[in-house]
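> As they're listed, the protein sequences go chains E and A.
Add 15 to the 1-based position in the first sequence for my numbering, that's all there is to it.
By my numbering, the letter at position 95 of the second sequence is numbered 78, and the numbering carries on one by one without gaps.
The hints are simulated quantities; they were obtained by calculation from the structure and are not laboratory data.
One thing to keep in mind: the hints can contain errors.
Residues from chain E shown here face chain A by an in silico Cβ test under 10 angstroms; the list is partial [what the hints assert, rightly or not]:
{"#": "1", "residue": "98"}
{"#": "2", "residue": "101"}
{"#": "3", "residue": "136"}
{"#": "4", "residue": "138"}
{"#": "5", "residue": "141"}
{"#": "6", "residue": "190"}
{"#": "7", "residue": "254"}
{"#": "8", "residue": "294"}
{"#": "9", "residue": "311"}
Ideal Cβ placement from N, Cα and C applies to all residues, glycine included.
One letter stands for each residue in the lines below.
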Amino acid sequence: MSILLQQLANGVVQGGLIALIALGYTMVYGIIQLINFAHGEIFMVGAYGSLATYTWLLPQGIKDSWVLSLPLMLLGGVVVAVVIALIMERFAYRPLRNAPRLAPLITALGISVALQEAVRTFYPDATSALRFPRVFAEGNLALGPISVPWSGVLIIVVSIVLSVLLQVYINRSRMGRAMRATAQDPDTAKLMGVNPDRVIVLTFVLGAALAGVAGLLYGSYITNVNIDMGFQTGIFAFTAAVLGGVGSIRGAVIGAFIIGLVKTIGGQYMPGGTQYDYVWIFVVLILVLVFRPQGLFGEPERVRA
Amino acid sequence: MNKVSNIVRPFARPLVLVGGVLLIVAALLPWATFVLNEGPYPDKATLQFFDAPFAVTGFRFHLLLLGLLVLIASFAPVPSRARVLRALGWGGLLVSVISGLFITIEGGGLGAITAADGATAFGALVGLVGGAAVILGAIALGVEPPAHWTLKLPTAAAYAVLVVVFVLVLLGVSLVLTAGGQGGAANPYAGPLFLAFLGFAAGAMAALSATGAIRFVSELSEKHRIFSVVVLLLCALLLPFTDAGSEYWMTVAANIGIYAATAIGLNIVVGLAGLLDLGYVAFMGIGALVAANFSGAAAAAFGVHLPFPVAAVIAAVVAGIFGAIVGSPTLRVRGDYLAIVTLAFGEIFTRSAQNNIGGLTNGANAIPGIPALSLFGADFNKSFTLGSIKLPAGVLYYVLIVLLVALVMTVFANLKFSRIGRAWIAIREDEDAARAMGIRTGQAKILAFLVGAMLAGLAGAVFAHKNGTVSYESFKFLESVTLLAAVILGGMGSIPGAVLGASLLFVLPEKLREFSEYRLLIFGLALVLIMRFRPQGLVPDRHRRAELADEDVGGAPVDEVHEVPGAVKEAKA
């Protein structure tokens, strides 16, 4: 019983991490119907960005106190993630906006490979996993039989707070309304005075910023980063976005928690153990796509060319 | 660009001529001011002036050729002259840039290609200016669509032309394979030399294509399909007798062949039926694992040693069954969602193979010691004597794989022009319309996956025996992406395209061993650039409405621009 509870807690932590990335997938897909495969790599780049900030920019005095170093690392990671995402949008995706669907998807694959390799080649010692500094309170939160590291608690809190904020921003703000309008009907939105380029750029920026946050949180929770983390976690996040219904913020977050639970519970109780937890997530993905392609909260898929 | 060409227009012709002369001059000038570690780059010919043009060698010889061709093309009655000139100019520019860059990097700075230590070497810069001048002049002349020949040849003459062309292709392939020599630490020049040669070859081929010669030959070969297939097959079998007939190049060629066969299989799924498959290499892996387990290797799960043809058939069938399973979601899932489903299946395969599922894959230890094939007592991995000629080891594998590629090509071509092939193309263009026309889209799509997977399984079986080891490492996501890139780079739905794409993607790493660190980085960026600038691929399929290259700048679909001259003629008649 306590094992089950502990695995549930672990699953929620993983789910929070996945949720932050899944939001980026779901927003970009909602607006320009692009599976931004490289989004997982943005997350990875964000993690390396905050690690780099810690290693080379922060003086020892600040490093010692997590209250100061954590926000600065966060800033570093988010800035790196956003800048890369902006370059990617401007030079790779924007020219292909009216191209047939295959072209941007393959471009995204190319960017994904290129970003991984760029970090592997140019970040010092990135060929193997790098240790991520402990920048948040050490120790665990003990709740009866389960214990969750404080960095895990941070993940849960941050992911829920940020997704609520995002939901409010999209529902209430002027720019959020423009985003929803563009997602519904880009042409009409344009006629109503919405600048689609600005909306799309904002979407990429928001997604990348969340991914950058996720990068830092991942680093402080797992305590190391490697260049493969983006691809793996990115696929989990994509699965979560699909499960929740692509385009739906709430769906992506709930889907992410479900995926997190499937991963830990599947790894614990299904045959094959943690070596096959990956497989169960893909099984869920395939089943959802086959039997409920619009996801849990998505609208039925419109017929697409 | 338009503004520039307006200013340049009055000087277009002189500009081209000057550019051509500059290219020739560049070939004769020295290129490097220093001696590289292992001797001058390359052929000991970069330090000196040439006063006798016929003594020029290596990439400078190619530049000389390009310059001469520019001069010839600007005086001789060449069809689509400006387009030909532009292609030649690009060739010159590429050769200069690649060689110049390498010399600059090796020599540590611009001094290496300008003036340093009392030596001067302006070859690269002159070549650069010459190439740019030719391109600019050609654009200002007004680039017209490639010419279209309406020449009709009697059958005997057509056969003769085809034989000559295919023999030239054979020599060309041998030249490309051996250009720059074997890559690796022993030969740091292999990469740049090969790239410079590719630049030259690309310029020359584009020029040929602009004159309409390539289209003429391809139409001729289409008209005499059986004859061309037989001759092409013979030519491919003659490759071991050319310069490329060493053990190393035979191995490289055989590897390319395996991936080319797989790429053609993938082309059925992606190019014909328009279903994006991101886990395709898993089918090759399944085929390889089946063949390995029936090969009698010590680590095999089954103690039986089946003869290779039987094992290969089982491998193809098993892979085909998995293909049908993976394809079954296509009944409900479309577009990029389908791509993700195939990706998920691919990852499930990798994970399961890594964890030695059912004891069939031997996990991270792989299945080593798969015996080499043998036929009538001749081991395929030993050298082989034909009459009095001793052929290098690996030649028999090469022959087997050429036959495999031929088989896969035949399957592909026959399917493409069959009822089911037309159904696939209809589904690719518009699934709902295809269904309305009475095509059973579900069956057709699953069949596409099944056939594609069977071909990959067959290629995997050969792969297992040729390499002697089967590990899940060879069948990861990146391999799937590489295969997909080969198909797209070559041009979706086109057979020569798939072969060309697979060759480029698997020859380049061999040649660029020195740069292996950057291999994947360049690969990723190249994918992005291809999608941006030439999404229809290097050899676009003419029968296919360019799905990826929606519209040319002018607004007409790319392929139709090329069709115009012929169409006008028919309308008049």
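> Are the hints correct? Go through all of them and say.
Hints and how they fare:
1. 98: violated, 17 angstroms
2. 101: violated, 15 angstroms
3. 136: Holds, because the Cβ-Cβ distance from residue 136/E to chain A comes to roughly 6 angstroms (cut-off 10 angstroms).
4. 138: Violated, because the Cβ-Cβ distance from residue 138/E to chain A comes to roughly 12 angstroms (cut-off 10 angstroms).
5. 141: violated, 12 angstroms
6. 190: Result: violated, 27 angstroms to nearest chain A Cβ.
7. 254: Since chain A brings a Cβ to about 8 angstroms from residue 254/E, closer than 10 angstroms, the hint holds.
8. 294: holds, 5 angstroms
9. 311: violated, 15 angstroms
When each numbered hint is compared with the structure, violations occur for hints 1, 2, 4, 5, 6, 9.
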